[in-house]
Amino acid sequence: MIVGLEGVVRSVFPNSLQVNVNGLIYEVFTSIFDSDEVEENQKIYLYVHQIIRENSIELFGFLQKSREDIFKELIKISGVGGKVALAILSTLSESELLRIIETGDEKSLTKVPKIGLKSAKKILTELTFMKEKLNLSGSSENSEKNLALDALLELGFARNNILKAVENLSGTHQQIIKDALKTLSR
Numbered sequence: 021m022i023v024g025l026e027g028v029v030r031s032v033f034p035n036s037l038q039v040n041v042n043g044l045i046y047e048v049f050t051s052i053f054d055s056d057e058v059e060e061n062q063k064i065y066l067y068v069h070q071i072i073r074e075n076s077i078e079l080f081g082f083l084q085k086s087r088e089d090i091f092k093e094l095i096k097i098s099g100v101g102g103k104v105a106l107a108i109l110s111t112l113s114e115s116e117l118l119r120i121i122e123t124g125d126e127k128s129l130t131k132v133p134k135i136g137l138k139s140a141k142k143i144l145t146e147l148t149f150m151k152e153k154l155n156l157s158g159s160s161e162n163s164e165k166n167l168a169l170d171a172l173l174e175l176g177f178a179r180n181n182i183l184k185a186v187e188n189l190s191g192t193h194q195q196i197i198k199d200a201l202k203t204l205s206r
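Residues in the sequence shown are numbered from 21 upward in steps of one, following our numbering.
There's no promise every hint is true.
[Unchecked claim] No more than 30 Å apart at the CA atoms, straight line, and that leaves these computed lysine-lysine pairs for DSSO-like: (1) LYS131 x LYS96; (2) LYS103 x LYS127; (3) LYS131 x LYS202; (4) LYS96 x LYS141.
Hints listed in this document are in silico derivations from the structure and should not be mistaken for laboratory results.
Please model the complete structure; the sequences and the hints are all you need to start from.
Now the structure itself:
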């Protein structure tokens, strides 16, 4: 698996780079923010996430580890693939994404190409629980929800069902688990 590339930029495009690594040219999909930061013939290191499918191998590259971490969390969301995750990272900065998560601003998330209101609600719900993993500052309530989420996942419940069950709950993670189990066991 490819996890990083160090080489010289051969070509820069809005959503990708061609990187020469010892004579091999790799096409790496990037956010617009990352593409704007590099120039042709510049030596760079990219954090890379590789996605292998039946008919393709895609490389997604990031100049900063934090953006790769956000990307990895985004693609865990059902219906969000590499291209949609990259569209989110090309449209929103990390601080804008944090603001959207904290305020529940679904409308701002719909500014991302390929994301409608229904998808925005779903993504926002899951991102709220992922905020701590993304190292975005969050409230202790969300960390309690994350603890509950992890425990319920370990018990074998489906992620989507858990998210619906804990969405409006608050309290300690023990209380959230107890209340969520009542809903999930129906």
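Query raised in the report: Among the hints numbered above, which are violated by the structure, and what are their numbers in rising order?
Result: 3
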